[in-house]
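Undergrad: Model the full assembly from the supplied sequences, consistent with the hints where possible.
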Amino acid sequence: MQQSDFAYKPHKFAYHAISSQTACINLFMPLLLSEEVNCILPKIPGCPPDFSKIARDKLFHGFCFEYWGQDIKQGAGVLNDHSKRAGTDADVAIAYYNIEGKLCLWLIEHKLSEKEFTVCGAYKSKANRYKKNCTKCNLMSIAKESQKCYYHMIGYKYWDILKNNLDIFKGPIDFEGCPFKDGLNQLWRNQMLALALQKTGIYSMVTFSVCHHAKNTMLDKSINKYKALICGNRIFSSFTNYDVLNNANIDNPLLQEWLHWYKKIYCF
Numbered sequence: 001m002q003q004s005d006f007a008y009k010p011h012k013f014a015y016h017a018i019s020s021q022t023a024c025i026n027l028f029m030p031l032l033l034s035e036e037v038n039c040i041l042p043k044i045p046g047c048p049p050d051f052s053k054i055a056r057d058k059l060f061h062g063f064c065f066e067y068w069g070q071d072i073k074q075g076a077g078v079l080n081d082h083s084k085r086a087g088t089d090a091d092v093a094i095a096y097y098n099i100e101g102k103l104c105l106w107l108i109e110h111k112l113s114e115k116e117f118t119v120c121g122a123y124k125s126k127a128n129r130y131k132k133n134c135t136k137c138n139l140m141s142i143a144k145e146s147q148k149c150y151y152h153m154i155g156y157k158y159w160d161i162l163k164n165n166l167d168i169f170k171g172p173i174d175f176e177g178c179p180f181k182d183g184l185n186q187l188w189r190n191q192m193l194a195l196a197l198q199k200t201g202i203y204s205m206v207t208f209s210v211c212h213h214a215k216n217t218m219l220d221k222s223i224n225k226y227k228a229l230i231c232g233n234r235i236f237s238s239f240t241n242y243d244v245l246n247n248a249n250i251d252n253p254l255l256q257e258w259l260h261w262y263k264k265i266y267c268f
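Position 35, counted from 1, in the sequence shown is what full-length UniProt numbering calls 35; the numbers after and before it change by one each time, with no gaps.
Keep in mind that the hints are not guaranteed to be accurate.
Here are the computed distance ranges between Cβ atoms for each label pair [what the hints assert, rightly or not]:
id : residue 1 : residue 2 : range
1  : K136      : G101      : 28 to 38 Å
2  : E145      : P253      : 54 to 64 Å
3  : D167      : P42       : 24 to 34 Å
4  : N249      : N216      : 17 to 27 Å
5  : C231      : A76       : 50 to 60 Å
6  : L254      : V119      : 34 to 44 Å
7  : E114      : R85       : 35 to 45 Å
8  : K170      : T135      : 40 to 50 Å
9  : A127      : N38       : 43 to 53 Å
By construction, these hints were calculated from the structure, which means they are not laboratory data.
Ideal Cβ placement from N, Cα and C applies to all residues, glycine included.
TA: This is how it looks when you write it as structure tokens:
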């Protein structure tokens, strides 16, 4: 993979087993390379219900890591936020054909021991002179006047995408100020990435999931808030690493070897 067009950039602590990026690769790569993948993926909660088979002729044998649509639009990407230091990407991208034979994409954000999702960089930025908008303006207010958001002022496309999909974000959840200034920010940006990729027409459907360690319950609050905000829309879902392991526990020597190895490191 590292010699292909879909080589990923290792994180600072990627060579340590407890790196979330390394844990993600250790969880998904053996499964996605397996000949049994088409039987296992549909059993995992969050797998798109129309999944038929992995698209081996797309991405790197059907998947890749740290995906931001680099094969579709180079430079700043479909959200106009990508650079060497920043940008929205999915930890895992799985290209697949649905039951109608249409090409689709499943994006996954992986979390190991993180206490929260990445919060809003614009809210924290010293360059943002309008932070009061972050705490005083609600979602509808910013959607109507997107220049209230620093992200929009510097050219990021998040609010442009949201405005075209505003009907999704109708949940009866009360937030003080922008709902995306804290932990929901990363979930929202990944969802915007999914919607932007779908808008290109390359993929018939693009969905987004979070996969977290089963014993890490600290993310549940943000996940549940986000699900409520989008009224349980199936474009987003969540599952755990144990969901993957339990459904991959089949009579296959290579998968059994991987399961035994993974559990020794990550199941505690």
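Undergrad: Per the hint of 24 to 34 Å, is the separation of the Cβ atoms of D167 and P42 within bounds?
TA: holds, 28 Å
Undergrad: Look at the Cβ atoms of K136 and G101 and judge whether their distance stays inside 28 to 38 Å.
TA: violated, 49 Å
Undergrad: Do L254 and V119 keep their Cβ atoms within the hinted range of 34 to 44 Å?
TA: holds, 39 Å
Undergrad: At the C-beta level, are C231 and A76 separated by a distance inside 50 to 60 Å?
TA: violated, 31 Å
Undergrad: Has the hinted range 43 to 53 Å been met by the Cβ atoms of A127 and N38?
TA: holds, 47 Å
Undergrad: When you take the CB atoms of E145 and P253, is the distance between them in 54 to 64 Å?
TA: Because 59 Å falls inside the window, the suggested range holds.
Undergrad: 40 to 50 Å was suggested as the range; check whether the CB atoms of K170 and T135 agree with it.
TA: violated, 22 Å
Undergrad: Would you say the C-beta atoms of N249 and N216 sit inside 17 to 27 Å of each other?
TA: Given range 17 to 27 Å: holds, Cβ gap about 21 Å.
Undergrad: Within 35 to 45 Å: is that where the Cβ-Cβ distance between E114 and R85 falls?
TA: violated, 20 Å
Hint violations for this structure: numbers 1, 5, 7 and 8, all remaining hints satisfied.
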